[in-house]
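*Asks:* If you read the sequences in order, they're chains A, B and C.
The first sequence begins at 7 in my numbering and counts up by one.
The second sequence begins at 1168 in my numbering and counts up by one.
The third sequence begins at 23 in my numbering and counts up by one.
There is no bait here: all hints are sound.
Under the rule of at most 27 Å between Cα atoms (straight-line distance), these lysine-lysine pairs were calculated in the DSSO-like manner: (1) C/43 / C/58; (2) C/258 / B/1191; (3) C/186 / B/1182; (4) C/208 / C/179; (5) B/1191 / B/1250; (6) C/258 / C/186; (7) B/1275 / C/47; (8) A/39 / B/1250; (9) C/186 / A/41; (10) C/258 / B/1183; (11) A/41 / B/1183; (12) C/59 / C/284; (13) A/129 / C/43; (14) A/41 / B/1250; (15) A/108 / A/65; (16) A/108 / B/1221; (17) A/39 / B/1183; (18) C/25 / C/59; (19) C/61 / C/284; (20) B/1182 / C/258; (21) A/41 / B/1182; (22) C/61 / C/292; (23) C/61 / C/291; (24) C/288 / C/25; (25) C/43 / A/131; (26) C/284 / C/213; (27) C/25 / C/43; (28) C/186 / B/1174; (29) B/1250 / A/129; (30) C/179 / B/1174; (31) C/258 / B/1250; (32) C/291 / C/59; (33) C/25 / A/131; (34) C/284 / C/58; (35) B/1182 / A/39; (36) C/258 / A/41; (37) B/1250 / A/131; (38) A/41 / B/1191; (39) C/43 / B/1275.
Keep in mind the hints are simulated off the structure, nothing from the lab.
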Amino acid sequence: MNDFLNSIDYLMLLKAFIIGGVLCILAQILIDKTKLTPARILVLYVTCGCILGGLGIYKYLVDFAGCGATVPLTGFGYTLSKGVIDEVRSLGLLGAFTGGIKTTAAGITAAIFFGYIAALVSKPKMKKQ
Amino acid sequence: MPINSNKEYQNYVDKKSPNSPIFKNCFNAFWVGGLICVIGQLIFDYCIYRGFSKDLASSLVSISLIFISAFLTALNLFNRIGKFAGAGSLIPITGFANSIISPAMEYKSEGYVMGVGTKMFTVAGPVLVYGISTSVIVGIIYLIFNTQAILLV
Amino acid sequence: MAKYFDVCLEDEFFGENSWEKAESKMIKTAVETVLKKSKLSVSDINFLFSGDLLNQCISTSFGIRDFEIPFLGIFGACSTFVEGILLGAFLLDSGAVDNIITSTSSHFCSAEKQFRFPLELGNQRPPTAQWTVTGSAATVLSRNGNGPFVTHVTPGKIVDKGIKDANNMGSAMAPAAADTILTHLKDTNRKPSYYDAIVTGDLGYVGKDIIVDLCSSEGINIASNYDDCGVLIFDKNAQDTHSGGSGCGCCGTVFSGYFFNKLRNKEIKKMLLVATGALMNSTSSQQGETIPGIAHAISIEL
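Looking at chain A on its own, in the form it has when it is part of the complex (with noise of 0.2 Å):
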């Protein structure tokens, strides 16, 4: 357990807290000042990460931040991209109809996984103050 604290990139943390934190901070500007409702950003924010990730942009992010990038929401766009790319690259017009879903997968049947679990043991309680 020593090795692994030794081994924490505590810049590489700060970052990740900086970038992650500003990418939520725009988000929220948005939902007070807009009224745009959480869906749409995060429609906003997928769609984002994914044109940037076309463009070779988000990649720096990537790079700078770690997690601080690759969590928020437009993360998810940028692997989605890069998914796609990579694949375009090796199969062709195929791979932009498969590329996508491979590298998000993982993220995608947790989520649906996990829901279903939860629907199944728990109800939703009313907002307590």
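The hints should help you fit chains B and C onto chain A, whose structure is shown.
*Replies:* Only chains B and C this time, still in chain A's reference frame:
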């Protein structure tokens, strides 16, 4: 007095309505969002330390964060975090997971197939539709302009 | 506020397995309670006017299906409570019937589910948002009795000032309420000071502010004896309900609990009750439609 036209009334209402406490909201969004990313980074580092590849580590980060989100949602805690942090818990992958899990729980009373199964994507569905569609377009454009010029890397 | 109500619930499911069933049970309990308190039996009741917020008024229909009372379903969004009394008063005045029950209900969870987001979704409510009251109210209107009496009714017109934000219902409904109050005062030739209390249904803090302004711009000052059920029902600081309460149950419970009690004790003798409603649904707001407001007024005097 702003009763004359709809536009005047709208302006008057905007002036009358209290604004969201945007600085407080942004601050909370910043540190909660940042913290979630740090947790992700720690999981990532641990996976690398255990000798996993980068791609595998990324997937494991997603799965772990989604699991945490599902766990908190099932304990009826996530909405409290969300109320406090706003975009701070919405924008990381935890928010995406929460937006799939919460309708699944909500519509349990309509049954497991037509309720849970159908309504699971009422909030997150558009994210997948737009994300995947954009990625296909990105792929096709990349295929057409398969040069280093379009891909800056 | 709790001490004025006949039944208080600790559990939003009310022992049922869904919120919709809980809401039906609430309305059933309200009707049973009002029958008990008025010492009337089901056979004494000629009509039942009732409605709620859910699609096709299902909580009402399921809640009262076991009573054998001729039923007329009504919908006026959050103004349903007064709409029922208003129609009932007309029918009684015609002399055709003796006793009428009116009732209404709303439930926070079922309303959120239908109109907004899943309960467990971690989103923030803007400060103008209102909190749907989980509650149900029922009244008995009777041709015989010693008051309080419904003396005047003013059905409202739809007023739409172009508000689209479903998180700001108070301001969408305030112009309708102002219109109804002004019409009522003009028709009856009364001044606001004639009433001990002028009470609106669920404008909340934002709407309350606006209606006072709107009326004063027409030269009518209602500020001194005016209040709003949405403001009264919750404790803003302790309950974090943002702009106050809303829903059919809001006006219904606050009137039948709090104000009816005051009328009984002769603390207030003349009141104007104006229930406000936002006539929209989730489809209309997704299609970018504005929110038409409506308000019905009844004056209740001893």
